[in-house]
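Engineer: Sequence:
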Amino acid sequence: MAVAGKVFQLATGVGIGLLLPLSLSLHDVGLFFFVQAIVNVSVVLAQLGLPVTIPGIVSHAMAAGDTGRARIVAIETIKMSVISGLAVGCLVGICAFAFGPAANALSPQIWSLVPLIIPMIAAGALLGVLAELHRALYGMMAASFLPAFQGLIVSAYLVFALAFKIPMSISHLLTASVLAAIAGIALGLVQLGRMMRPWQRVPVTPAPPSDILAESWPNLVTTMSFVAASQLDIWVVGLGGHPADVACYGLALRIGGLFAVPLTIVSLTILPHIVTNWACHRRLYLQWLLTLSATGATFAALVGFIPFAGFGRSLILAIWGEAYAPAFGAALILGLGQVMFSAGGVAGYVLILLGRQKVAMVSTLLVASVTVLLAVWAMFNFGILGVATVYAASSTAQALVNVLLVRNFFGLTANARLINPLRVGRLLSHTPKSSRSTLSK
Numbered sequence: 009m010a011v012a013g014k015v016f017q018l019a020t021g022v023g024i025g026l027l028l029p030l031s032l033s034l035h036d037v038g039l040f041f042f043v044q045a046i047v048n049v050s051v052v053l054a055q056l057g058l059p060v061t062i063p064g065i066v067s068h069a070m071a072a073g074d075t076g077r078a079r080i081v082a083i084e085t086i087k088m089s090v091i092s093g094l095a096v097g098c099l100v101g102i103c104a105f106a107f108g109p110a111a112n113a114l115s116p117q118i119w120s121l122v123p124l125i126i127p128m129i130a131a132g133a134l135l136g137v138l139a140e141l142h143r144a145l146y147g148m149m150a151a152s153f154l155p156a157f158q159g160l161i162v163s164a165y166l167v168f169a170l171a172f173k174i175p176m177s178i179s180h181l182l183t184a185s186v187l188a189a190i191a192g193i194a195l196g197l198v199q200l201g202r203m204m205r206p207w208q209r210v211p212v213t214p215a216p217p218s219d220i221l222a223e224s225w226p227n228l229v230t231t232m233s234f235v236a237a238s239q240l241d242i243w244v245v246g247l248g249g250h251p252a253d254v255a256c257y258g259l260a261l262r263i264g265g266l267f268a269v270p271l272t273i274v275s276l277t278i279l280p281h282i283v284t285n286w287a288c289h290r291r292l293y294l295q296w297l298l299t300l301s302a303t304g305a306t307f308a309a310l311v312g313f314i315p316f317a318g319f320g321r322s323l324i325l326a327i328w329g330e331a332y333a334p335a336f337g338a339a340l341i342l343g344l345g346q347v348m349f350s351a352g353g354v355a356g357y358v359l360i361l362l363g364r365q366k367v368a369m370v371s372t373l374l375v376a377s378v379t380v381l382l383a384v385w386a387m388f389n390f391g392i393l394g395v396a397t398v399y400a401a402s403s404t405a406q407a408l409v410n411v412l413l414v415r416n417f418f419g420l421t422a423n424a425r426l427i428n429p430l431r432v433g434r435l436l437s438h439t440p441k442s443s444r445s446t447l448s449k
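Using the numbering used here, read the sequence shown as starting at 9 and increasing by one per residue.
Some hints could be false.
[What the hints assert, rightly or not] Distance ranges between label pairs, derived from CB positions: (1) Lys366 x Asn48: 19 to 29 Å; (2) Ile102 x Ser177: 19 to 29 Å; (3) Ala331 x Leu381: 29 to 39 Å; (4) Leu412 x Ile83: 34 to 44 Å; (5) Arg209 x Leu292: 34 to 44 Å; (6) Arg415 x Arg321: 34 to 44 Å; (7) Val212 x Gly101: 34 to 44 Å; (8) Pro116 x Leu381: 20 to 30 Å; (9) Phe172 x His289: 54 to 64 Å; (10) Val212 x Leu310: 41 to 51 Å.
Since the hints were derived computationally from the structure, they do not count as laboratory data. Just so it is clear, CB atoms sit at the ideal spot from N, CA and C, and this is done for glycine as well.
Using the sequences plus the hints, can you model the full thing?
Structural biologist: Right under this line is the structure:
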């Protein structure tokens, strides 16, 4: 059910991007993609690196039987995400008003959408933290389906409007997204309260907010650097191009994102198992878990990428029309980058969860800095194909760096490789009982 929920969440998110060009004008599609990029980056900043920090802290507390510490961490991280989400949302609003409606081609519309952008950022930050709390506690179903409410509601609205030819506006889409996030937050809080009811009230080991933030800030820098190296491309396109460029590049991103689905599913379900198996000294099992996940994700990505390389252009022209023809080249390049990144598996998460947060931070920051500079140069010289090439190369470089660092610090191989199927069966037959029970949830 956890995997099904994650597939559903990713499918709805990609589905929105694929349905929008059928519902809105080229200009409005570009505007929506740009607003969504602003919200996505702002949400990551507002989360303070907590989604990556939570699994390690909570998993260690639960493994030690200190449910009181797990309770305190859950409550404090929820408070921090609410405060930070509102603060970042207000900062984005202030910046929008400070630049005014004449900053670029998209500014007038963004200026008018600020009252919806602020609650979107705050709700998105809290919803992401709630999902990671459930995932850290092996509540995989709740963790998978909570964030899917936004995609479900917006997708349903798009399908309904298309089916009955109802006029659509961006403000209606954003309002539906905010309401869906609030519904997901309410459900997540209720379920978390039920889980925490029998826990200890007093922690064995205190967990003050300052300690949580001290452990989280390197993860925040790492995450923001990763965002810069993987998601600021549409910012570059939006600030340096026209709404039509943003629309085509946004569609290419959604298509390219399909090839990242296998690795995303793996990364979101494997995190607690990395910490647990390392702490229990099950090194051989962890090694095979990393290798199997990377190999499976890469194979699945290739299965989708190869047919798209052959028939993707015809598909884009048939569904979205000639106006979106430039999206094919960008989608092909971005898709190849996702395949290469999948080959690196979850090496980046291994560094963070096993205590090398600052190393991951520095490496990601360096890659991100070079990526953004090259992307700006490429946008003004080669357009969206240049930006796509830079970001695909960045994904490949980041995956290679992560794999080498994991091998150097932990002696583990996290990348994909050819595996004898007989050895896979033998490994799974010796899966530790505790891991077997959680993997089946």
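Engineer: Confirm or reject each hint.
Structural biologist: Tested hints:
Look at Lys366 against Asn48: about 25 Å separates their beta carbons, and that is inside 19 to 29 Å. Here the CB-CB span from Ile102 to Ser177 is close to 25 Å, well matched to the stated 19 to 29 Å. Checking the proposed 29 to 39 Å range against Ala331 and Leu381 shows it holds: the Cβ atoms sit about 30 Å from each other. With their beta carbons about 39 Å apart, Leu412 and Ile83 fall inside the hinted range of 34 to 44 Å.
Range check, Arg209 to Leu292: Cβ separation about 39 Å, and the 34 to 44 Å hint holds. Look at Arg415 against Arg321: about 39 Å separates their beta carbons, and that is inside 34 to 44 Å. For Val212 and Gly101, the hinted distance range of 34 to 44 Å is satisfied, since their beta carbons lie about 42 Å from each other. The beta-carbon spacing between Pro116 and Leu381, approximately 29 Å, falls within the hinted interval of 20 to 30 Å.
Phe172 and His289 have their C-beta atoms about 59 Å apart, which keeps the hinted 54 to 64 Å range intact. Roughly 48 Å separates the CB atoms of Val212 and Leu310, a value that falls within the hinted 41 to 51 Å.
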